[in-house]
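Peer 1: Chains B and C: place on chain A using the hints.
Chains A, B and C supply the protein sequences, listed in that same order. Heads up: the first sequence begins at 1 in the numbering used here, then just goes up one per residue. Heads up: the second sequence begins at 1 in the numbering used here, then just goes up one per residue. Heads up: the third sequence begins at 1 in the numbering used here, then just goes up one per residue.
Think of the hints as simulated: they come from the structure by calculation, not from any bench. Backbone N, C-alpha and C define an ideal beta-carbon position, used for all residues, glycine too.
Derived Cβ-Cβ restraints for the label pairs, each shown as a range:
# : chain 1 : residue 1 : chain 2 : residue 2 : range
1 : A       : Ile211    : C       : Ser427    : 49 to 55 angstroms
2 : A       : Trp293    : B       : Thr161    : 22 to 28 angstroms
3 : C       : Lys429    : B       : Leu52     : 16 to 22 angstroms
4 : A       : Gly157    : C       : Pro356    : 36 to 42 angstroms
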Amino acid sequence: MSALLPDLLAPGDPADAKREPRARARAGWARALRLWGPAGFLVLMLAACFGWPNIYPVPNPVRGSVLQAGLPPLSPGHIFGTDPVGNDVFSRILYGGQISFEVGFGVTAIGLVVGGLLGMAAGYWGGAADTIISRLLDVLIAFPALVLALAIAEGLGPSEVHVIWALSVFSIPAVGRIARGATLALRGQTFILAARLSGTRGWRVIVRHVIPNIAPQLMTFSLLGIGVAIILEGALSFLGLGIPLPEASWGSMIAQGQQTLSASPDLVLIPSAFLFATVLSLNLLGDALRERWGVR
Amino acid sequence: MAVAEGPEPGAQTGRARRVLGSPSLRLAGRRLLAAILVLWGVTFLTYVVMNLLPGDAAQELLGANATPAEVHQLEVQLHLNEPFWVRYGQWLGDAFHGSLGTSVVNGENVTTILGTRLPVTAELLLYAFVGSIAFGVAVAVLGSRRPNGVADRLSMIVSMTGLSIAPYVLALVLIYLFAVRLPWFPAIGYTSLTADPFQNIRSLTLPAVAIGFPLFSIYTRLLRADIVEQMQREDYIVTARAKGVPPWRVLLRHALPNSLFGLITLVALNLGTLVGAVAIIEPIFSLPGVGAILIQSINDHDVPVVEGIVVFFGAVVVVANLLADLLYTALDPRIRYERAAS
Amino acid sequence: MKFGSAERKERKRIRRFGLAGTAVLLALGVAACSSSSSSSSSAAAPASTGPRAGGALTVFEATGYSGDWPDGLDPATNIDGAADQDYMDAIFGELFELGPKGAVIPDLATGYSISSDAKTITLDIRPGVKFTDGTPFNAAAVVTNIDRDLKSACTCKPTWPVTSVTATGPDTVTITLSAPDGAFIDEIFDSTADWIASPTALQKMGEKAFALAPVGAGPFEVVSDTLSSVLVLKKNPTYWQTGRPYLDTLTFKTVASDEAGYEALLAKEGQIYVDMSTPSLLQQAAKNPGVEVENQLSTSPYDLQLNTKTAPFNNVKARQAIYAATNFGPILQHVFDNMYPPVQGFTGPGGICYSPTVPGYQGYDPTLAKTLVAQSGLGKVTINLGTIQNLVAEETTEALQTEWAAVGIKTVIHAYALAPLIAQFVSGKWQSMIQTAGSYDPAAGVGVGFRFSSVSPFSGVHDPHLDSLLNQAAALTSMSQRCAIYTQAANYIASNYYGPFYFAFAPANVAVKGVVGPGLTEPLPAVVVTPTILWEDVAYGS
Chain A
1 MSALLPDLLA
11 PGDPADAKRE
21 PRARARAGWA
31 RALRLWGPAG
41 FLVLMLAACF
51 GWPNIYPVPN
61 PVRGSVLQAG
71 LPPLSPGHIF
81 GTDPVGNDVF
91 SRILYGGQIS
101 FEVGFGVTAI
111 GLVVGGLLGM
121 AAGYWGGAAD
131 TIISRLLDVL
141 IAFPALVLAL
151 AIAEGLGPSE
161 VHVIWALSVF
171 SIPAVGRIAR
181 GATLALRGQT
191 FILAARLSGT
201 RGWRVIVRHV
211 IPNIAPQLMT
221 FSLLGIGVAI
231 ILEGALSFLG
241 LGIPLPEASW
251 GSMIAQGQQT
261 LSASPDLVLI
271 PSAFLFATVL
281 SLNLLGDALR
291 ERWGVR
Chain B
1 MAVAEGPEPG
11 AQTGRARRVL
21 GSPSLRLAGR
31 RLLAAILVLW
41 GVTFLTYVVM
51 NLLPGDAAQE
61 LLGANATPAE
71 VHQLEVQLHL
81 NEPFWVRYGQ
91 WLGDAFHGSL
101 GTSVVNGENV
111 TTILGTRLPV
121 TAELLLYAFV
131 GSIAFGVAVA
141 VLGSRRPNGV
151 ADRLSMIVSM
161 TGLSIAPYVL
171 ALVLIYLFAV
181 RLPWFPAIGY
191 TSLTADPFQN
201 IRSLTLPAVA
211 IGFPLFSIYT
221 RLLRADIVEQ
231 MQREDYIVTA
241 RAKGVPPWRV
251 LLRHALPNSL
261 FGLITLVALN
271 LGTLVGAVAI
281 IEPIFSLPGV
291 GAILIQSIND
301 HDVPVVEGIV
311 VFFGAVVVVA
321 NLLADLLYTA
331 LDPRIRYERA
341 AS
Chain C
1 MKFGSAERKE
11 RKRIRRFGLA
21 GTAVLLALGV
31 AACSSSSSSS
41 SSAAAPASTG
51 PRAGGALTVF
61 EATGYSGDWP
71 DGLDPATNID
81 GAADQDYMDA
91 IFGELFELGP
101 KGAVIPDLAT
111 GYSISSDAKT
121 ITLDIRPGVK
131 FTDGTPFNAA
141 AVVTNIDRDL
151 KSACTCKPTW
161 PVTSVTATGP
171 DTVTITLSAP
181 DGAFIDEIFD
191 STADWIASPT
201 ALQKMGEKAF
211 ALAPVGAGPF
221 EVVSDTLSSV
231 LVLKKNPTYW
241 QTGRPYLDTL
251 TFKTVASDEA
261 GYEALLAKEG
271 QIYVDMSTPS
281 LLQQAAKNPG
291 VEVENQLSTS
301 PYDLQLNTKT
311 APFNNVKARQ
321 AIYAATNFGP
331 ILQHVFDNMY
341 PPVQGFTGPG
351 GICYSPTVPG
361 YQGYDPTLAK
371 TLVAQSGLGK
381 VTINLGTIQN
391 LVAEETTEAL
401 QTEWAAVGIK
411 TVIHAYALAP
421 LIAQFVSGKW
431 QSMIQTAGSY
441 DPAAGVGVGF
451 RFSSVSPFSG
461 VHDPHLDSLL
471 NQAAALTSMS
481 QRCAIYTQAA
491 NYIASNYYGP
501 FYFAFAPANV
511 AVKGVVGPGL
521 TEPLPAVVVT
531 PTILWEDVAY
541 GS
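Extracted from the complex, chain A is given alone in its bound form (with noise of 0.2 angstroms):
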């Protein structure tokens, strides 16, 4: 229960205090470093994924031509090396961290939207809204999203967007679950009961007081989630289910390099390079704001 309950009024890390002023200062950088250091690395990725093609001109991510196939890292003109058909594997690995970050943050954006409104209500109306709503996420949580996940990709085609659609079967309830405990441990505060007291309508009260309080809340969680969502895409496009051949995304770099794993291993070894070091550095940031907003 207290693992969701933001504390406000949270002074920090208590030992600190405690501590000299030059250890405090010390304390201090580390603690900037912490979130500055992940923070900058995930705008380099994002910067370059999405701007450096469009400034600097990279060998196409598709249609690589056969002649320059299987060709290890550090070869002239491609420094990641080619796959075995002849595609760039650095300007895979930018354009398949656009998909990721597309998915990722796709994702997190319908779940907290979604899953947070439906939340919000549950929490704060309770009785049967609640009742429902939380049915729904029970229901949502306990159904295998891999089900639908390859039911949409068999169906309709992988394609990035079913990707997005099947993966928010995930995010909208976790989202929700807790967007809904943080409501209600908020309501029964004292604020919450004058803005309803003083005549405050439902809705108003959500968007003034409820909204601004779970949002820290809200976003470490996503940030985590976002981490989650593109693991899960490289989990779809590993089955073959996300984004189809012969587009790139992290996930199918890795399952095709893992068929030919004993012959060139950096094939696997580069995309999970950088998929461990985006979800890690998502990761770390998520930690960091928790420390420096002081949610639990």
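Peer 2: Below, chains B and C without anything else, positioned relative to chain A:
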């Protein structure tokens, strides 16, 4: 979360009456009903989704050379031409009588199929869960004894890695390092428990680690955060310390049990992601479990098998969440009364 | 909060921790110990000449094709029959086997004769053979089986135009056809009629149980069967050929891919991986001194099928444009390391009537291609290019996509699993498909008719003249006459631009050193795309 210690107040005589009419029993009843409803909802949703897929099992079964007449004949035979509600009703009715139908692909009893494959998956998941929870709790306790100490920082780094790595990547790395390079574990295959317990554990270790390591990371982080928060903020901890209770006892006897709430909720929540995990990990290790046939069955439009698997996992998730809820309620009297009153 | 419950929780936690810790220690200890005990399952091979009797062997097959047998192993009902030939051959043996250099080896049949009008075939069954359940293997059993195969609803059933199958003696079977078929025996290898099941066992167990634990007269019998996962077989003590099989136990395990199979081989969990086609892994394996790579003789070239029933390939200029836009040499070199020979027809070096070139075949001509693209309007549409989910097929497809883009042909690739692939063909909405065409005998199985006759749902061609050529060739008994007609057919396909052919692909079998046998240490022609192995002749040795 401050909870008073001490023996529960109350005479013995009124106990029976209190338990029967108690809010927790009524609450349990309501929860059970809700759980059944949710389980039904899951099966229904799955049926709908499977039906929306183009084509059907008869076409898949007979393959290419079949004439439309032959396909239609098989459809009639398999009752695939009947309307959606009739088929779903049939399945539901059979399910209530304990029969999950037969596989459309090979006529085998779904119960038999599940019977041979579920033990493999169940053992794998049990292994992964027990390992991840046990290690999670142990590492969290060790770390929170001295927050930001060496053990704590190390555990944070390891768990951060576990959170950020994809299970399928981890599986590939594990196979390469511990099966091919160092022949400690088999790269593929499964030996049943009855055939050879040693080999059985051996064949399930790498897959269990691939599934369990990310879980362990989540659990240990959450638990450690909870425990540290307890230790630093709660009044009763301060009281206990002031009374001179040794730090370990404070940690294990007071902070840990109260922090387990968050863990319980999270474990129950995580169970829903299991189906996806096994569908990916089992084929990589060639384990003959349900994950391995799930994707195949969806492609084959083998609705009874898919439903059977979904029912099982849905039931596991629902039951686990129910237990978690009840455990919650039973352990924290405040929640019990608050909920009963609302 | 109860006093006692906290204690109980603590104890439970410690117990769990203890359990987990023990499990880990157990696993590590077991792992350390078992690495030495695992070597007992694979016999250490002292230097010796020739095969040795005895030993247990494990074979890996990849899922998605040969590694799956979801319907069980009854010849009459196993839809994946051709793909599962390894298991079927091991359990049932074969009436006739396709051996090294294309020799027809009599196994459970001793001989055959075909009438001059090619409408009556007589098979001589090997006398004195028993199924593993003790019942006699005779003409009556063969007749029961073939009848059953023909009557089954399975799409795997034989396609001969049979009018009657009778036992004309205790060990003689006569088959009469309504149309001549000179390729009958060649077609048997490809057909479920090659595998004879015990009728008594079928009767006693019922079809469903039989499919899960089949009974035949082959070199091995079933010990345990986990569908599409593990098949454990043991030596048939009453096998007709004395001294065979060499092996005591034969185990088949399904793995996820070429790579998984190769890793399992390297981890010494098995001795053979069947049907490796990933080029880079083949190169890697070839460099490995502990491993032997045996390339089979190709009988089915890769080709591009064009659907002549719908746009855009109902236009002959569009089809010709595709021919002119393809330069397969660089693809062969860079993607496949020149491992396979290029061909222009449907015959391969492992099969009969092999003829790699076709006179007048439209070769690579980018200028002509661009002209044709403009004339036919091919550049204005995006073509659906389909293939099966298989690394070689996918890589070929992607490489072609690149080449065609250079002359203005736009494509989108679809890689299908087997079932959706079949659905695509059946729906008739496909435009182009990269597949394999051809078989040991073009008249058999996944031969030419499969891809080019007007009656096959897998064909994009509906040309009565081609149909008559193929039927003629199948009906004749003289090999030289048949080959002449097949050459005509290949020329006809090329001059109508029905579909370009690329290379004679043949997968390889990879085995650890110290295992010998046909298909492992000497190449065999592939019966149906995937390599064949004659299990009764496989042994440890050198």
